[in-house]
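A.B. asks: Sequence:
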Amino acid sequence: MKKLFVMAAMLLSVAGAVAQDAKQMVLVEQFVNKSSSKDLVANALQQAIVSGLVGTGRLNVVDAGTMVDLPTVKNDRLVYLGDNGIGWMVEGILNTVSTAKKSMTTSGKTTYYYEGNVNYTLTLINTETGLTTISETYTDSSTGDSETEAVTEAINGAKKRMNRFVQNHFKVEATIKALDEVDGKKGVKTCYISIGSDMGVENGQIFEVFAQIQVAGESVDRKIGEIKVIEVVSGTMSRCSTKSGGPEIKDAFDKQQKLTVRSRAKKTISLPGISF
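Per the working numbering, the sequence shown starts with residue 662, numbered consecutively.
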């Protein structure tokens, strides 16, 4: 059965075989439909969430709908998942689906369209501890020429949301491998970090830089700056520009302090028709 889980994860993951063991495995449960809409809407939402998680390139994702012989008792299921290397479980609830007919008048001409809204809750559970890490409710909205199209586009917004969801709740960590461009006054301008496409890193990704210092005899990580990915060089390396802390990063690197970089979510950008 363990082979069955691993095979399903490989089929659902778009990443290559390099450094797969570094990726966390996540099971997405069958979504519960508490809305007045048909179950096919909840199923479509679940598939959008799975697709969005896979698309980040950071996780190995298993769709519970593809699995057989899963224990039905939740505690037993969590133990079973943990034994098979799946550290996280995502539960989803489709709360409400709504549509409304709208109109827009331009140059004396009135056109009609539909607005669709999908409200749902995602709960992230650690299979080892059984504890809920987060439980958040979202609403995604969009428009279309029909009610079905509007709801479909709103569900597509849920897929896009998964990038930020993963950035927030599945942070990755790496180290600064080498300095690249260094300025006498501004310090480090560009550098290389030990993470790349194998973990879904992409241009524009922001990392916070931490230096390990000693405080009262204990090792403590102190944030000293931020860097931004400008080139994904390989599966295990990226080139970054310095957003802040150039002199501090250079000083810590020269002193051979341990420098750790940790991912953070990009700033929220509002797009028409989609609620983030």
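Treat the hints with care, since some could be wrong.
To be verified - EDC-like cross-link-like pairs, simulated, lysine to aspartate or glutamate; straight-line CA separation at most 20 Å:
id, residue 1, residue 2
1, K838, E789
2, K820, E863
3, K904, E863
4, K884, D915
5, K919, E869
6, K821, E863
7, K832, E789
8, K820, E690
9, K762, D744
10, K847, E887
11, K762, E752
12, K847, E869
13, K889, E879
14, K832, E810
15, K763, E776
16, K904, E834
17, K846, E887
18, K904, D841
Said to hold, decoys possible - Distance windows between CB atoms, simulated:
id, residue 1, residue 2, range
19, T727, K904, 38 to 46 Å
20, P908, T793, 53 to 61 Å
21, N864, S697, 37 to 45 Å
22, A839, V734, 35 to 43 Å
23, Y774, S855, 22 to 30 Å
24, G791, L840, 38 to 46 Å
25, A877, T784, 23 to 31 Å
26, T836, T771, 53 to 61 Å
27, K846, D744, 18 to 26 Å
28, D882, D806, 47 to 55 Å
It is worth saying that the hints were derived from the structure and are not from the lab.
Nothing here was measured: the structure is a model prediction, and the numbers come from that model.
By construction, the Cβ of each residue, glycine as well, lies at the ideal position given by its N, Cα and C atoms.
A.B. asks: If you check each hint against the structure, which ones fail?
C.D. replies: 1, 9, 11, 13, 14, 20, 22, 23, 25, 27
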